[in-house]
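Novice: Make the full structure from the sequences, and use the hints.
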Amino acid sequence: METGALSAPPRLLERLVFHAFPPAVREAVAGDLCELYKSPLQYLRSAAGALPFVIASQIRRIANLPVLIMQGCIIFLLLGGVSESARATTLAGNVALTCLLLFLFLMIGVYRAGVVPSAKWAILEALIVAAGVLAFARGVMTSLHTSHKLSSDQPAWLLFLWVILPFGMPLLGGLRAAMVLAREHQCNPFMSRMSAPEIAVAYDDFAMRIRRRNRIDMALLLALVVLSVLLLAFLPAHRAALGLTILYPVSAAYLFLHGAARPRAEKENFSTLRAFCRREILRQGQLRSFLLWLLPAPFAPLFLAEASVSVTLAGIALAFAFFLIWAADRERDAHLCSLTESLSQMQERRTA
Amino acid sequence: MVEPVSLGQFEQLVLTAIVSLGDNAYGVTIHARVEDLVKPRTVKLGAVYATLDRLEDKGLIASWLSEPTKERGGRAKRHYQLEKPGERALKESVQASQRICDVIEQSWGAKWKPAR
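Chains as they are written, first to last, in our numbering: chain S, 1 to 352; chain R, 1 to 116.
Keep in mind that the hints were calculated from the coordinates and are not lab data. Using N, Cα and C, we set each Cβ at its ideal position, and we do this for glycine too. Hints may contain errors.
EDC-like cross-link-like pairs, simulated, lysine to aspartate or glutamate; straight-line CA separation at most 20 Å [as the list claims (entries may be wrong)]:
#1 R/Lys-58 <-> S/Glu-268
#2 S/Lys-267 <-> S/Glu-280
#3 R/Lys-70 <-> S/Glu-14
#4 S/Lys-38 <-> S/Glu-14
#5 R/Lys-91 <-> R/Asp-102
#6 R/Lys-84 <-> R/Glu-56
#7 R/Lys-84 <-> R/Asp-23
#8 R/Lys-84 <-> S/Glu-268
#9 S/Lys-267 <-> R/Glu-87
#10 S/Lys-38 <-> R/Glu-35
#11 S/Lys-38 <-> R/Glu-71
#12 R/Lys-84 <-> S/Glu-266
#13 R/Lys-44 <-> R/Glu-56
#14 R/Lys-84 <-> S/Glu-348
#15 R/Lys-58 <-> R/Glu-87
#16 R/Lys-58 <-> S/Glu-280
#17 R/Lys-84 <-> R/Asp-57
#18 S/Lys-267 <-> S/Asp-204
#19 R/Lys-84 <-> S/Glu-280
#20 R/Lys-58 <-> R/Glu-92
Calculated from the model, a selection of chain S residues having no Cβ within reach of chain R, i.e. all distances over 10 Å [to be verified]:
#21 Leu-68
#22 Met-70
#23 Ile-75
#24 Val-115
#25 Val-133
#26 Ser-143
#27 Leu-159
#28 Leu-161
#29 Ile-164
#30 Asp-204
#31 Asp-217
#32 Leu-231
#33 Ala-328
Specialist: Written out as C-alpha cells, the structure reads:
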C-alpha cells in the first residue's frame, strides 16, 4: 500500500496534523494520513474527517463513569452547590459550568492518555492547580472575614494568613515533586523484547502485587468507615454524608469479588498475552482511579449544610485533599501509561 | 462456556478485512479493503479507527506498533490481527448470515440471488 505515497505533506502541515490527534493514536494515524497524501487540501480534509471519530473513540476508552460522576458532584458543590441562597438561574449556570468543566477534563484526559509527563511539565501543571486551590481558599476566607463571620484574632484566620497562604504553594509543590520521584522509582516489568513465557511471568507477578494491594485497600476502606463516622460525629454532619460512608464497605466488597487481576489462559501466544495484559492493566487503572476519588466522597455533602464557619473551613481542607488526590491520580495514570506503552512497543523474543 | 459476542455489520466488515489482509492489516489497508467490501458506498477512515478501538477493547483483535518506515514520514504502523474470540465471533456471525440467506431463498424461491 505504501507505493501509493507520491509525495509527503509539507513539514509544517504534517506537524500540525500530528499534534491535533491524541497522543495514544497520533503515531499510527499520522503515518496512515501521510501514506494517503495526494494534496495539502485532501490531507487536511482526511485529517479533519478522522479527528472527531478518533476523539470520540478515545473519550469512550478513557471515560470512567463513576469517577466522572464523583468529579461532577465535587465541582458542583465547590461552585456553590444547592445552597438555599442560590437562585434557579445560578443553579442552571452551575450545572452548565460543571458540564463544561467535565468535558474539558475529558479532553485533557484524551490528550494526556498515552503520554508520560516530563518532570518539568508535571511541576508546571502542579503549580497551576495548586495556585487554583490557594486562590479558592483565599476567596472563601476573605469572604468570611469581610462578612465578619471570621475575626482577625481567630486561630483559623491566623493559621490561614501565616501558614497556609505563605507555605501552601511550596508544600503542595513539594508533595507533587515527591510523587513524581516515587513514580520514577516504580518498576516496569515489561521490557522492549520479551517472549510469551516471560510476559506470562511478568503478568503473574503483576497479579500477585494486585492481590496484595487489594488486601491493603480493603483494610483501609473498612478502617475509613470507622474513621469517617467518628469524624462526622465531630463535624456538623449532614445525613447524606453519613449515608455515603456506605460506599466504603460496598467498594471493599467489590474489590473482594472483582478486584483481582483476571487469570490468564495457559499457553497463549505472544500477541494474545500482550493484548490481555494491556486490557487488564487498564481495567486495574480504572478501578484504582475510582478508589482514589471515592476517598473524600462522604465528606462532599458537608457543602450542602448551612455555610457555617467550620463547614467552610472543612471545605477548604477538602479542596487541598482534592489537589493531592488529583496529583496521585495523575501519577498513577503516568505509571499506567508507561506500562501500556512498553507493551504496545514490545517485540517478540523467540525462545529456542 | 464462553459468552458469545454479537457483532454489528461494520464490525463484521472490519474483522473480515483483517482476516483477508493477514500480516498486512493496518489502518490504510483495512480501510481500503472495507471500502471494497461495501462498494459503491464509501467509508470514513475515522469510522474504521473507532471500530478497531472498539474491537480491541472487546478482546476480538490485538494490535502492535511496527518499526517506523520512510514512506510514512518516519511513522510506525499499527498492525492488527484477529484473536481467538474474534475468530469465534466472526464464524458465528457468518453462520447467522448463511442461515438468513437460506431462509430468504426458501421464502422467495430459487430465482432470488444476493447481488455480489
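Novice: Hint by hint, note whether the structure agrees.
Specialist: Structure-based check of all given hints:
Simply put, R/Lys-58 and S/Glu-268 have alpha-carbon atoms about 17 Å apart, close enough for the 20 Å limit, and the pair holds. In summary, the hint linking S/Lys-267 to S/Glu-280 is supported, as the alpha carbons are separated by about 18 Å, within the 20 Å threshold. Note on R/Lys-70 and S/Glu-14: the hinted pairing holds, with a Cα-Cα distance of about 14 Å set against a maximum of 20 Å. Restraint check for S/Lys-38 and S/Glu-14: the C-alpha separation of about 13 Å stays at or below 20 Å, so the hint holds.
Taking the CA atoms of R/Lys-91 and R/Asp-102, the gap is near 16 Å; set against the 20 Å cutoff, the hint holds. Annotation: proposed proximity of R/Lys-84 to R/Glu-56 holds, straight-line Cα distance about 12 Å (limit 20 Å). With a CA separation close to 16 Å, the supplied pair R/Lys-84 and R/Asp-23 stays within the 20 Å bound. Restraint check for R/Lys-84 and S/Glu-268: the C-alpha separation of about 10 Å stays at or below 20 Å, so the hint holds.
Of the pairs offered as hints, the one joining S/Lys-267 and R/Glu-87 holds, with about 18 Å between alpha carbons and a cut-off of 20 Å not exceeded. For the hint linking S/Lys-38 to R/Glu-35, the alpha-carbon distance of about 18 Å falls within 20 Å, and the restraint holds. Annotation: proposed proximity of S/Lys-38 to R/Glu-71 holds, straight-line Cα distance about 13 Å (limit 20 Å). A distance of roughly 14 Å separates the Cα atoms of R/Lys-84 and S/Glu-266; the hinted pair therefore holds under the 20 Å criterion.
At roughly 19 Å between alpha-carbon atoms, R/Lys-44 and R/Glu-56 fall within 20 Å of each other, so this suggested pair holds. Straight-line distance between C-alpha atoms of R/Lys-84 and S/Glu-348 comes to about 19 Å, which keeps the hinted pair within the 20 Å bound. For the hint linking R/Lys-58 to R/Glu-87, the alpha-carbon distance of about 13 Å falls within 20 Å, and the restraint holds. Annotation: proposed proximity of R/Lys-58 to S/Glu-280 holds, straight-line Cα distance about 12 Å (limit 20 Å).
Straight-line distance between C-alpha atoms of R/Lys-84 and R/Asp-57 comes to about 14 Å, which keeps the hinted pair within the 20 Å bound. Taking the CA atoms of S/Lys-267 and S/Asp-204, the gap is about 14 Å. The hint holds against a cut of 20 Å. At most 20 Å may separate the alpha-carbon atoms for a hinted pair to count; R/Lys-84 and S/Glu-280 meet this at roughly 17 Å. Only pairs whose Cα atoms come within 20 Å are accepted, and R/Lys-58 paired with R/Glu-92 is accepted, the gap being roughly 16 Å.
Annotated as non-interface, S/Leu-68 keeps its C-beta farther than 10 Å from every C-beta of chain R; the closest such distance is 18 Å. Every CB of chain R is more than 10 Å from the CB of S/Met-70 (nearest about 23 Å), matching its label as outside the interface. The beta carbon of S/Ile-75 is kept farther than 10 Å from every beta carbon of chain R, the shortest such distance being approximately 28 Å. At roughly 15 Å from the closest C-beta of chain R, the C-beta of S/Val-115 stays outside 10 Å, upholding its exclusion from the interface.
Every Cβ of chain R is farther than 10 Å from the Cβ of S/Val-133; the closest lies at roughly 35 Å, confirming the non-interface assignment. With a least CB separation of 47 Å from chain R, S/Ser-143 remains clear of the 10 Å interface cut-off, as annotated. Listed as a non-interface residue, S/Leu-159 keeps its Cβ farther than 10 Å from every Cβ of chain R; the least gap is roughly 48 Å. With a closest Cβ-Cβ approach of about 51 Å to chain R, S/Leu-161 is found to remain outside the 10 Å limit, as its non-interface label requires.
At the 10 Å boundary, the C-beta of S/Ile-164 stays outside the reach of chain R, the nearest C-beta of that chain being 44 Å off. The Cβ of S/Asp-204 lies farther than 10 Å from every Cβ of chain R, with a closest approach of about 19 Å, so its non-interface assignment holds. For S/Asp-217, the shortest C-beta to C-beta distance to chain R comes to about 25 Å, beyond the 10 Å cut-off, and the non-interface label holds. At the 10 Å boundary, the C-beta of S/Leu-231 stays outside the reach of chain R, the nearest C-beta of that chain being 40 Å off.
Distance check on S/Ala-328: its Cβ is at least 26 Å (rounded) from any Cβ of chain R, clearing the 10 Å threshold; non-interface status holds.
Checked against the numbered hints given earlier, the structure satisfies every one of them.
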